[in-house]
Amino acid sequence: MDKNMVTNARELTNTEFFYGHKACAGCGGSLAVRLALKVLGQNSFVSLPPNCMSAVGFLFPQISFVTNAIIAPFAANAAVLSGIEAGAKALGLKDHHVVGFAGDGGTADIGIQALSGAIDRGDRIIYICYDNEAYMNTGIQQSGLTPYGARTTTSPAGKNLPGSIKMKKNMFEIVAAHGISYAATASIGYPEDYLKKVSKAAQCESTSYIHVMAPCCTGWGFPGERTIEIAKEAVDCGLWFLAEYENEKFTLNRKPSSFSPVKEYLMKQGRFRHLGDDDISIIERHRDHKWEKMLKNWDS
Amino acid sequence: MRMAGRKIFISGDEAVAEAVRLVSPHVISAYPITPQTVAVERISDFVEDGSLQAEYIHVESEHSAMSAALGAAAVGARTFTATSSQGLLYMAEVLPYVSGARFPIVMMNANRALAVPWALLSDHRDSLSQLDSGWIQVYCEDAQETLDMIIQAYRVAEDERVMTPMMVNLDGFVLTHTYELVELPDQAALKSFLPDYSTDNKMDLDVPKSVCLAAMNHYMEYMMKQELDMRNVESIIEETDREYGDMFGRSYGGMIEQYMCDGADAVLVTLGSVTGTARVVVDSMRSEGYKVGLVKLRFMRPFPKAEIIEIGSKVKAIGVVDKDISVGYEGIVFTNVNSALSDLDRVPQRLNFIAGLGGRNVSKAHIRDMYMQLLEVAEGKEKEKIQFVNARCEYNG
Ligand SMILES: Cc1ncc(C[n+]2csc(CCOP(=O)(O)OP(=O)(O)O)c2C)c(N)n1
Ligand code: SF4
Ligand SMILES: [Mg+2]
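If you read the protein sequences in the order shown, they are chains A and B. Under this note's numbering, the residue at position 81 of the first sequence is numbered 81, and the numbers go up by one with no gaps. Here this note's numbering = 1-based position in the second sequence + 1000.
Keep in mind that a hint or two might mislead.
To be verified - If the Cβ cut is set under 7 Å, some of the chain B residues that face chain A in the computed set are: (1) H1063; (2) A1077; (3) S1210.
What the hints assert, rightly or not - What follows is a set of in silico ranges between Cβ atoms, one per label pair, in the way DEER data are often shown: (4) A/S258 / B/E1048: 36 to 44 Å; (5) A/E11 / B/A1115: 50 to 58 Å; (6) B/H1218 / A/H289: 50 to 58 Å; (7) A/Y19 / B/A1115: 20 to 28 Å; (8) A/P256 / B/M1216: 41 to 49 Å; (9) B/V1207 / A/G270: 40 to 48 Å; (10) B/L1131 / A/G122: 34 to 42 Å.
To be verified - Here are some chain B residues the structure puts well away from chain A; computed CB gaps all over 12 Å: (11) L1114; (12) L1205; (13) E1227; (14) L1228; (15) D1229; (16) G1245; (17) Y1329; (18) V1389.
Because the hints were derived from the structure by calculation, they are not lab data. Each residue gets a CB set at the ideal place from its N, CA and C atoms; glycine is no exception.
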């Protein structure tokens, strides 16, 4: 194990590896990148496909990554990571991390094939999906991880439709179904948990995957100072969950004794404000069904 | 000094694999597609038996094949990939990425027709559709040239004045699956011809950097630099070919090869394996007293403009054999040749022969007919400018 590696929040240093970028104030995704790199450190090769984080981080000549970094083709972040790892191995490089940050679209939609290939091969890469539940960089369009009822620019809410009419694609379990050595979900609202998971992923000898909820104030419609609060609440109301998959077992890391009100979480966000009680109860029923299965089948 | 090598009887695909073993890339990532498959199968054998020390990545698509090669090249590894037809088009998004990032990836492309309709046999529409991708493109006539060009490709691409990826094309089946005696260069001599790859254009743990950037306000300058550097590639290709010839006894004439062009009234311009057939026709027609010659176009990018102009200035008629068509216009090679010729005060007569689409046979008789027509237009006769050769239906052009 890399002895300089941070394993908890107390050991975090002030050294920054992603700063000076042009993300919106209060951007959840930039926090996910910043925190993970504080754990992984200077010897990281970072790859990002087109998304908000690469758009705000690579504007020549104002480069925001202190580590090595590359923009990958949109569909192929995982393949670029695999190539970096293979090249580094063949050249005899040691003590480095190969880490990717892709959005929900870059992971669950266009990038899922390359991701599946990399996990299948067991390439030693850390793949972090920062989930802001839509294609934000292109102006808030619906992705495979946009939840039911969310208004996006391609799933407008109107007389006939409540916004998105589908639930989130189940990326965490899709990844786990590959038999990956380590996968986890996290939220930037629970940074200690996230940091711990990043350092676990970094010690993994083969592919690891972290799916971190990273609210987007601009696309979700809430003031930038509430990002952490919203990210916490997503977990507390049960619409997101903190879990791990390792040794072929699922474990719930946080089991709320009761959920905070879903309606409160939704009504804080412009993208859900049009929802009526019927739609909210569809969302609650789906949440309850999901939790029933998780509590029954997973360790906690 | 000329170093003789071992001779073995192999196919074009196997010649690619032998060349790859000789240049020993760090990383190979490839996805199978007929008729490239035998090349990647042999390379896999070499990795398995330890005669090739490389990381072989079993990618799940061509898009990932080129992306993984990009990632490996981005840390300074020598990389190789191979594809054909649909596979080349599937990786198309990543081609300008690689050339823009100035990574010297070498790729073999087994030329094959594009679907639909489906056809497994060879034409050039796959690679010619990627002329504007910023890659150097060479076309080979036989397995020996293919082996030699894979080796030369690394030397050219990795030259710090070039730093541009290169696509080595060979006709599917006609070359990939036919056997010939191929001489392998001496391994020790090869080491001095092709030194280990090293570059500053990479992500580096000691000197961290960002690569494949967004350069919104500098895009124009990036592209200009790419074009200006590409203009110098021609002389580097020629010097590499000469040096290779001095060391291993084989050189190919650089950008083009002129065959029996001295005193010719009419020449045909060909790409790839059809050149071999045309040589035979030229020989027999010359013995009959016809003043015909052959121009083997070896590189399509950079384009040998000066050479084409020089030939155009001394002949009366030029025919271009296109194993492709840009639907709605004419053959793609023809367009390129024409644009070079337009610099001449007196442009020779030109005919475009669309031939061999989907692997349709181009026989000696067809080529002879092309020459006869060229000799007629050289004398002032009118002929249809764009013709389909050996098509089974009438063309009312
Ligand atoms: C092949 C290709 N298709 C589409 C795009 C346009 N595009 C760029 S970024 C982006 C959205 C990315 O969404 P996501 O992965 O969720 O990241 P976010 O922007 O939300 O951070 C899209 C659609 C592209 N760059 N490349
Ligand atoms: S739009 Fe959203 S994800 Fe993109 S930079 Fe702004 S807050 Fe971050
Ligand atoms: Mg997104």
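Comparing the hints with the structure gives:
1. The criterion of a C-beta within 7 Å of any C-beta in chain A is met by B/H1063, whose closest approach is roughly 6 Å, and the hint holds.
2. A distance limit of 7 Å between C-beta atoms decides the matter here; for B/A1077 the minimum to chain A is near 3 Å, and the interface restraint holds.
3. Evaluation of the B/S1210 hint against chain A yields a held restraint, the C-beta minimum of about 4 Å falling below 7 Å.
4. Taking the beta carbon of each, A/S258 and B/E1048 are about 58 Å apart, not inside 36 to 44 Å as hinted.
5. Against the hinted window of 50 to 58 Å, the Cβ-Cβ separation of A/E11 and B/A1115 comes to about 56 Å, which satisfies the hint.
6. Distance hint for B/H1218 and A/H289: a CB-CB separation of about 52 Å, consistent with the stated range 50 to 58 Å.
7. Under the hint 20 to 28 Å, the C-beta atoms of A/Y19 and B/A1115, about 48 Å apart, miss the expected range.
8. Distance hint for A/P256 and B/M1216: a CB-CB separation of about 45 Å, consistent with the stated range 41 to 49 Å.
9. For the pair B/V1207 and A/G270, the beta carbons lie near 45 Å from each other, so the given range of 40 to 48 Å is met.
10. Remark: the range hint 34 to 42 Å for B/L1131 to A/G122 is upheld by a beta-carbon distance near 38 Å.
11. Chain A leaves B/L1114 outside its interface by the beta-carbon criterion, the shortest separation being 21 Å against a cut-off of 12 Å.
12. With a least CB separation of 6 Å from chain A, B/L1205 falls inside the 12 Å interface cut-off, contrary to its annotation.
13. Separation of B/E1227 from chain A is adequate, the least Cβ-Cβ distance of about 19 Å exceeding the 12 Å criterion.
14. For B/L1228, the non-interface assignment is confirmed: its Cβ lies about 19 Å from the closest Cβ of chain A, beyond the 12 Å cut-off.
15. The beta carbon of B/D1229 is kept farther than 12 Å from every beta carbon of chain A, the shortest such distance being approximately 19 Å.
16. Residue placement check: B/G1245 keeps its beta carbon more than 12 Å from all beta carbons of chain A (closest about 31 Å).
17. The beta carbon of B/Y1329 is kept farther than 12 Å from every beta carbon of chain A, the shortest such distance being approximately 30 Å.
18. For B/V1389, the non-interface assignment is confirmed: its Cβ lies about 39 Å from the closest Cβ of chain A, beyond the 12 Å cut-off.
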